[in-house]
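Trainee: Given next are the chains, with one letter for each unit.
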Amino acid sequence: MKKSTPTSSDPKATSGNPDGTDNTAELYAALLDTADTGSIAISQDGTICHWNRWMQTRSDLTPHQVLGKQLAEVFPETRLGRVSQAIEDCLKFGMPAVISPSLNQGALPLKPLPQFAASFDRMEQSIRIHPIKTSNDGTLCSLTIRDVTLAVQRDRLLRQQATELADLVTQTRRSEGRTRAILQNTVDAILVASDDGNIEPLNARAQELCGPEGDPELRNIIRFLLPDSGNTPPPRPPQDRILTDLGTGVIEVLACSPGKRDVPLEVAISHFSTDGRYHYIITLRDISQRKRHEMEIQRTMTELERSNSELEQFAYAASHDLQEPLRMVSSYTQLLARRYEGQLDDTADEFIHYAVDGTQRMQRMIDDLLTLSRVGRHGKPFHAVALSALFDALVTNFRRAGPTPEGNIIREGTLPTVTGDASQLLLLFQNLVSNGLKYSDPENGQVRIYSEETPNSYRVFVADNGIGIEEQYHETIFEVFKRLHGYGDYAGTGIGLAICKKIVERHGGSLSVTSTPGEGSIFCVEFPKELAIVVTPESM
Amino acid sequence: MIELSELEHDTISELINIGVGRAASSLSEMVDQPVELTVPRITFVERFSDTDLAKAPTEIVSAVSQTFDGPFKGEAMLVFPEERSLELVRSLLKVDVPLEALTDLEQEALMEVGNIILNACLGSISNVLGEPINCSMPSFRKRESRSLLDQDGDEHDAGKKPVLMILHVQFMLRQNDIDGYVLFVMDMNSIQMLRELVRRFLVKSFG
Numbered sequence: 001m002k003k004s005t006p007t008s009s010d011p012k013a014t015s016g017n018p019d020g021t022d023n024t025a026e027l028y029a030a031l032l033d034t035a036d037t038g039s040i041a042i043s044q045d046g047t048i049c050h051w052n053r054w055m056q057t058r059s060d061l062t063p064h065q066v067l068g069k070q071l072a073e074v075f076p077e078t079r080l081g082r083v084s085q086a087i088e089d090c091l092k093f094g095m096p097a098v099i100s101p102s103l104n105q106g107a108l109p110l111k112p113l114p115q116f117a118a119s120f121d122r123m124e125q126s127i128r129i130h131p132i133k134t135s136n137d138g139t140l141c142s143l144t145i146r147d148v149t150l151a152v153q154r155d156r157l158l159r160q161q162a163t164e165l166a167d168l169v170t171q172t173r174r175s176e177g178r179t180r181a182i183l184q185n186t187v188d189a190i191l192v193a194s195d196d197g198n199i200e201p202l203n204a205r206a207q208e209l210c211g212p213e214g215d216p217e218l219r220n221i222i223r224f225l226l227p228d229s230g231n232t233p234p235p236r237p238p239q240d241r242i243l244t245d246l247g248t249g250v251i252e253v254l255a256c257s258p259g260k261r262d263v264p265l266e267v268a269i270s271h272f273s274t275d276g277r278y279h280y281i282i283t284l285r286d287i288s289q290r291k292r293h294e295m296e297i298q299r300t301m302t303e304l305e306r307s308n309s310e311l312e313q314f315a316y317a318a319s320h321d322l323q324e325p326l327r328m329v330s331s332y333t334q335l336l337a338r339r340y341e342g343q344l345d346d347t348a349d350e351f352i353h354y355a356v357d358g359t360q361r362m363q364r365m366i367d368d369l370l371t372l373s374r375v376g377r378h379g380k381p382f383h384a385v386a387l388s389a390l391f392d393a394l395v396t397n398f399r400r401a402g403p404t405p406e407g408n409i410i411r412e413g414t415l416p417t418v419t420g421d422a423s424q425l426l427l428l429f430q431n432l433v434s435n436g437l438k439y440s441d442p443e444n445g446q447v448r449i450y451s452e453e454t455p456n457s458y459r460v461f462v463a464d465n466g467i468g469i470e471e472q473y474h475e476t477i478f479e480v481f482k483r484l485h486g487y488g489d490y491a492g493t494g495i496g497l498a499i500c501k502k503i504v505e506r507h508g509g510s511l512s513v514t515s516t517p518g519e520g521s522i523f524c525v526e527f528p529k530e531l532a533i534v535v536t537p538e539s540m
Numbered sequence: 541m542i543e544l545s546e547l548e549h550d551t552i553s554e555l556i557n558i559g560v561g562r563a564a565s566s567l568s569e570m571v572d573q574p575v576e577l578t579v580p581r582i583t584f585v586e587r588f589s590d591t592d593l594a595k596a597p598t599e600i601v602s603a604v605s606q607t608f609d610g611p612f613k614g615e616a617m618l619v620f621p622e623e624r625s626l627e628l629v630r631s632l633l634k635v636d637v638p639l640e641a642l643t644d645l646e647q648e649a650l651m652e653v654g655n656i657i658l659n660a661c662l663g664s665i666s667n668v669l670g671e672p673i674n675c676s677m678p679s680f681r682k683r684e685s686r687s688l689l690d691q692d693g694d695e696h697d698a699g700k701k702p703v704l705m706i707l708h709v710q711f712m713l714r715q716n717d718i719d720g721y722v723l724f725v726m727d728m729n730s731i732q733m734l735r736e737l738v739r740r741f742l743v744k745s746f747g
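From first to last, the protein sequence lines are chains A and B. The first sequence begins at 1 in the numbering used here and counts up one residue at a time. The second sequence begins at 541 in the numbering used here and counts up one residue at a time.
Calculated directly from the structure, the hints in this document are not laboratory data. Check before you lean on any hint, since a few could be wrong.
[Said to hold, decoys possible] Short derived list, chain B residues pointing at chain A, Cβ under 10 Å:
1. V571
2. Q606
3. E622
4. E623
5. Q647
6. A649
7. M677
8. M733
9. L737
[To be verified] 25 Å max Cα-Cα, derived DMTMM-like pairs, lysine to aspartate or glutamate:
10. B:K634 / A:E77
11. B:K613 / B:E569
12. B:K682 / B:E736
13. A:K92 / B:E627
14. A:K92 / B:E615
15. A:K92 / B:E684
16. A:K260 / A:D240
17. B:K613 / A:E88
18. A:K111 / A:D36
19. A:K133 / B:E671
20. A:K133 / B:D609
21. B:K634 / A:D45
22. B:K634 / A:D121
23. A:K92 / B:E671
24. A:K111 / B:D609
25. B:K634 / A:E164
26. A:K291 / A:D240
27. B:K634 / A:D155
28. A:K92 / B:D636
29. B:K613 / A:D167
30. A:K92 / B:E569
31. A:K133 / B:E615
32. B:K682 / A:D36
Backbone N, C-alpha and C define an ideal beta-carbon position, used for all residues, glycine too.
Start from the sequences, fold in the hints, and give me the full structure.
Mentor: So, in structure tokens, the structure goes:
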């Protein structure tokens, strides 16, 4: 660019030209050189007649190298292209042209600015081609070239981001669709409640239950069940619509949709917060099936309890009422035995003896039956019972009852403390010990008592060295009136083990036997450490 | 009312078709895919309200406009409903992710397309009739179709009602056809002059 010296002191010198120079062409050339656009002029014969500073910088070609040449000579690749065509149309027909960067990438081989060099090989250009009429009726062609690389870069970025966004939207829609499908096809009804009390069904099942066709009361019930948000609490729904005791954690309600069967529902409530608001997710599960089963079980239980209690009642009444006439028979046969023994003939004595013996056996059987029926009916509340102390008491009882060989009842180690009815436990072990002694050699018979602990239970063993029991009878010996031997061989009513079994069962445990005939039997009483809920003193 | 003989009408159609054909080949070369352009119909109407475009007066249209001056003068326009213009530019530029509106660069590309077609039509007429025409740089407009012809300068001359020569243009590219219009808006004097020039040309050609 040429710099001219202003001579403002001489007004005449400035006439017509503000900067004081008379050389108009030089001024315009200078102006064009300062422009931030490329400027080329092409004369009628197609040769370049102007090439501004911008062009020189961006093309690395000086005016000296290009002036007087065709543009296609300077940039051979443009020979048949859009730019040459437009220049020709401009010179021939005076047609102006727009050459856009999108349709003509890098129309002229110009360098991009250094900051774009990494992503662009060429400057992106927007070119305007104008015809210029000259004073001698010729036409010049002017090319104005703007650098739009930045705009192209922005456009690319915009498109890239739009693509990413579109992908994201597609992805989100797909995953949303999947989630919706899962939600819709869930068997449970799912609803969401916001903290303003608005309840919205999320899936088809929820719509069915809470929608216009559903239970009009259900939303109120749900509102009632939601934790209080501090607003006025909703009114308590009718008692028959909430099936469970509130506070147990399990909530069951009854949905009554008009024209449909009533559906018992289990309600689960969870919560989440989003956008600073609290939401509850309410899941309603149809528990008709479960309810039916529960009712079935309940009915069976009631039935069982009733028949059980009837039986006990019967056994008690029977044995109790039998006692009265038996006592009379027993008293008078005994009286007969005392008064007339030896006064009648031998046969009579024998008959009387059998009658007395029979009544005594009957009396024992009735006593045992009464005991058996009382195990359930007159049980005492459970307490902690130290079995070691109980055994010591038991041994003392045996000693008191009659002379027995020393050391025939042995406690090995400490016995555990269990929860139960002390008097029944005493009866249990007394029966087991006496049973063990009964079926053993009276001289060498020995009963050992010991225990072991398992993770969930205590086992107490009562082992004898008696005659043992054949394996085929291991189950039946616990039944009432089951005897393996004739009355003459071993005394007993056949009820003792049944009583034992009933006592153990009342304590939630189990009674079993292992035995080797000829060597002895081991009875095992197993007490659970945790009493099952069904085994309560009242339930039996 | 404009009364053109069939021969005159055919001649003008032929001139336009030559131009449009040339434009199509330029475009094909530029976008490196076949672009076909046809002009199935040329009509002359006196009122804009008689045009197809006026049937949807509130539709937004994109227009590339160039004024021309010579023995006859007026304004030439390539007009598309906005959506069609988006389709056209994106087909030409092979853009797969469309944005809501034309970007600046797309708008400039549309201007170039309009420039090529309008130049070709005007150039063809000028060349064959042997009368030079001066054209302005193209400019871009986007507005409701009913106000398409409103002059920004607002110099309404009641005596100079414009007459329209309307070319229905079909672009065929990348499996889809895009319909647009080329409008030549001239006053009555200009259209008479155009007709006169066509007559002279016919006399000269066929004696």
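Trainee: With reference to the structure, classify each hint as holding or not holding.
Mentor: Tested hints:
1. V571: 7 Å, holds
2. Q606: The hint holds - Q606 of chain B has a Cβ within 10 Å of chain A, the shortest such distance being about 8 Å.
3. E622: 18 Å, violated
4. E623: 18 Å, violated
5. Q647: Holds: closest Cβ of chain A sits about 9 Å from Q647 of chain B, inside 10 Å.
6. A649: 4 Å, holds
7. M677: 5 Å, holds
8. M733: 18 Å, violated
9. L737: Nearest chain A Cβ about 16 Å off; hint violated.
10. B:K634 / A:E77: The given pair, whose Cα atoms are some 24 Å apart, holds under the 25 Å limit.
11. B:K613 / B:E569: 31 Å, violated
12. B:K682 / B:E736: 34 Å, violated
13. A:K92 / B:E627: 33 Å, violated
14. A:K92 / B:E615: Holds, because 21 Å separates the two Cα atoms, which is no more than 25 Å.
15. A:K92 / B:E684: 36 Å, violated
16. A:K260 / A:D240: Holds, because 17 Å separates the two Cα atoms, which is no more than 25 Å.
17. B:K613 / A:E88: 23 Å, holds
18. A:K111 / A:D36: OK: K111 of chain A and D36 of chain A at ~15 Å, within 25 Å.
19. A:K133 / B:E671: Since the Cα atoms of K133 of chain A and E671 of chain B sit roughly 16 Å apart, the hinted pair holds (cutoff 25 Å).
20. A:K133 / B:D609: With Cα atoms ~14 Å apart, K133 of chain A and D609 of chain B stay inside 25 Å; holds.
21. B:K634 / A:D45: 37 Å, violated
22. B:K634 / A:D121: 21 Å, holds
23. A:K92 / B:E671: 12 Å, holds
24. A:K111 / B:D609: Answer violated: K111 of chain A to D609 of chain B is near 38 Å, above 25 Å.
25. B:K634 / A:E164: 18 Å, holds
26. A:K291 / A:D240: Roughly 15 Å separates the two Cα atoms, so the pair holds.
27. B:K634 / A:D155: 14 Å, holds
28. A:K92 / B:D636: Violated - the C-alpha atoms of D636 of chain B and K92 of chain A are around 38 Å apart, more than 25 Å.
29. B:K613 / A:D167: 50 Å, violated
30. A:K92 / B:E569: 21 Å, holds
31. A:K133 / B:E615: Holds, at roughly 21 Å.
32. B:K682 / A:D36: 29 Å, violated
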